[in-house]
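A.B. asks: Okay, here's what each chain looks like letter by letter:
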Amino acid sequence: MADLKKLYDAVLNGDAKTAVAVTQSAIAESMNPATLISEAMIPAMAEVGRLYECDEYFVPELLLSARAMKGALELLRPLLAETGVQPTGRVIIGTVKGDLHDIGKNLVSSMLEGGGFEVTDLGTDVTPEKFVAAVQQKHPQIVCLSALLTVTMPAMKTTIAALENAGLQASEGARRRCTGNFPVCPADRCRRIRRERQYRRNPGTKDGGGNRPLDVRLNSRRNQCSFTQRQQGEASSISRFSGTVPRRA
Amino acid sequence: MSVIDQAGLSKQRVLDAISHRNPDRVPVDFGATAVTGIHVSCVAALREHFQLEKRPVKVHEPFQMLGLVEDDLRQALGADVRGVFRRGTMFGFKTEDWKPWCFNGLEILVPGKFNTTVTPEGDTLIYPGGDFSAKPSGRMPKGFHFFDAIIRQDHFDPDRLNAEDNLEEFQPLTEDDLDEIATDTAAADRGDCALLASFGGTALGDIALVPVPHLADPWGIRDITEWYISTRSRRDYIHQIFSRQVEIGLANLARIFARIGNGIDILFLCGTDFGTQTSSFCSVSTFRELWFPYYKQMCDWIHRNTGWKIFKHSCGSAERFYESFIEAGIDVINPVQCSAVGMDPAFLKSKYGDRLVFWGGGVDTQHVLPFGTPSEVREQVLRRCEILAPGGGFVFNAIHNIQAGTPVANIVAMIEAVKEFHGEA
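Top line first, the protein sequences correspond to chains S and E. Counting from 31, one number per residue, gives the positions in the first sequence under the working numbering. Counting from 1087, one number per residue, gives the positions in the second sequence under the working numbering.
Okay, chain S solo, but in the shape it has when bound:
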């Protein structure tokens, strides 16, 4: 019988080969794919996040664990679709226009996928128009904007403005979290963008220490995600969009 503990350890330790092998065994045994995710992968990524916050794991460890998890998820994704399992939520993520950096974005994306979200990754250097089109097409609950550089942070503001101009308003009371290199008052920062004030807190400059992975802690019972952040380089603005765009059934 497939060993869920072994899968948990493989993701935690960044052992992609073992993660894939255990997942293949589980599939061969017709194990419910949702079980693998909820009882092994999500807890493993949560522990990865905790270790990152405790300064025991760093970017290389996050990347390894994300890679192990993605390897397993790629095998499970078709099965999840067949069983009709609904994602925890739908997410659009991308690095904003003018910015080509993606390590932090990729880490966030991996963690969200590991948490059961359906993630559409638009890549890097994404125009506001492309974000708008993706939101109109995919009807996500969450949009994540990533930027590494001081000079590309303003593109977050223009992207949010484009979304709002397209009638894609954030829902009343929606929580917005800006994960910037200054963790102080991330909500403040979002409010400043919202009020179209000059964005004064900026992520790392070029060569400013690289990327900024987010530690995503998922609380599946409340079907929410809260993001604790640690780091620079990439700032992600996470907004919940709902309302005018009909939700996909």
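Honestly, the hints are just simulated from the structure, not real lab data. It should be emphasised that the depicted structure is a prediction, and the values quoted were computed from it without experimental measurement. Among the hints, a few may not be true.
[To be verified] Listed next, the stretches of chain S that the computed footprint assigns to chain E, with coverage defined by at least 3 CB atoms under 8 angstroms from CB atoms of chain E: (1) 49–55; (2) 120–133.
[Stated by the list, open to error] A short, non-exhaustive set of chain S residues, derived as facing chain E with CB atoms under 10 angstroms: (3) Tyr-82; (4) Asp-85; (5) Phe-88; (6) Arg-97; (7) Thr-154; (8) Leu-179; (9) Thr-180.
Cβ atoms here follow ideal geometry from the backbone N, Cα and C, with glycine treated the same way.
Go by the hints and put chain E onto chain S.
C.D. replies: Frame of chain S, contents of chain E only:
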């Protein structure tokens, strides 16, 4: 010649500071390295502000589009350090055969082999060595300000790794290389400024260099994500690279020293970033296992055989590594990113001020300098000088390169504040 340059005061000022003696005033660096420089658009704006001779600015570092700070501007800025650079740039072509180029409406000069194409989306692609037959190695998004490396890792087989593939860029210097270094060092050495040289070849896993944007067809691990992963999962491989790289690098430094002696004052050793905004890329124990032995080996040789001071760049929250840097033999730390966690300047000065030279730390380039008011810039500069200057061990620079779009008024406010600190306003 300005007051600053008279009778080599600039040089002595820097030497005093890096020897932890009180200089006559805080020494200043703008443009002596690729991490203490100024974006070409800002160099042009400064030249206009100071009413210097009207001429297009040369881009001496095309990856970050840094403008050459020539002597007239250096004097206007009050800078005391002159850089000595290799003629080969990050894209592999040399800083020669200058040609005009239009950069977001600004007329500048770029090296002759700064060859580009434009994508349908309007992005600019640049080619290694100027070779259009190779895949482009850098991309500048439309309307943007500098290049990013294009990751080219077409020959990567995780089960058949060969460290030699990651050593292609580390080669013994040729006699022509040595001639150029000697010529350029001599030309820079006019007895007025301190000289800071960036000879290359000794950066250990500098993520800006891993993709080797100057090579036409790189082999080995060239993807940044794969490199970071390798520092965790392929340490033997990393050790093989660093070990051989240091062997080549020290042999080159020995040959350079044989040609120029103590003709430079400071050597830029390595630009690998260990800090992030709130933490680091690895633990101290990982650093000490993977990097420390090689830093120590290089620093030991340099200190035993030369009079050069050793300059290490590391962005971010890097304080946890400072004791290790000191133990390895690093003399100068840059950029001193005070906005990062654990990098309070007063704390750094009190704990390390007698053992490390802080080259940077002058003003925050993420927030204050580009987006603050001139008054806010002035306040921060004065405060930083008050904290970091006493007892020497401080060379003023903004924290990393001055970015495109930084208002001239703010840059001037920064310069004026340094002068004000000395009662010269």
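A.B. asks: What are the numbers of the hints that this structure violates, sorted from low to high?
C.D. replies: 1
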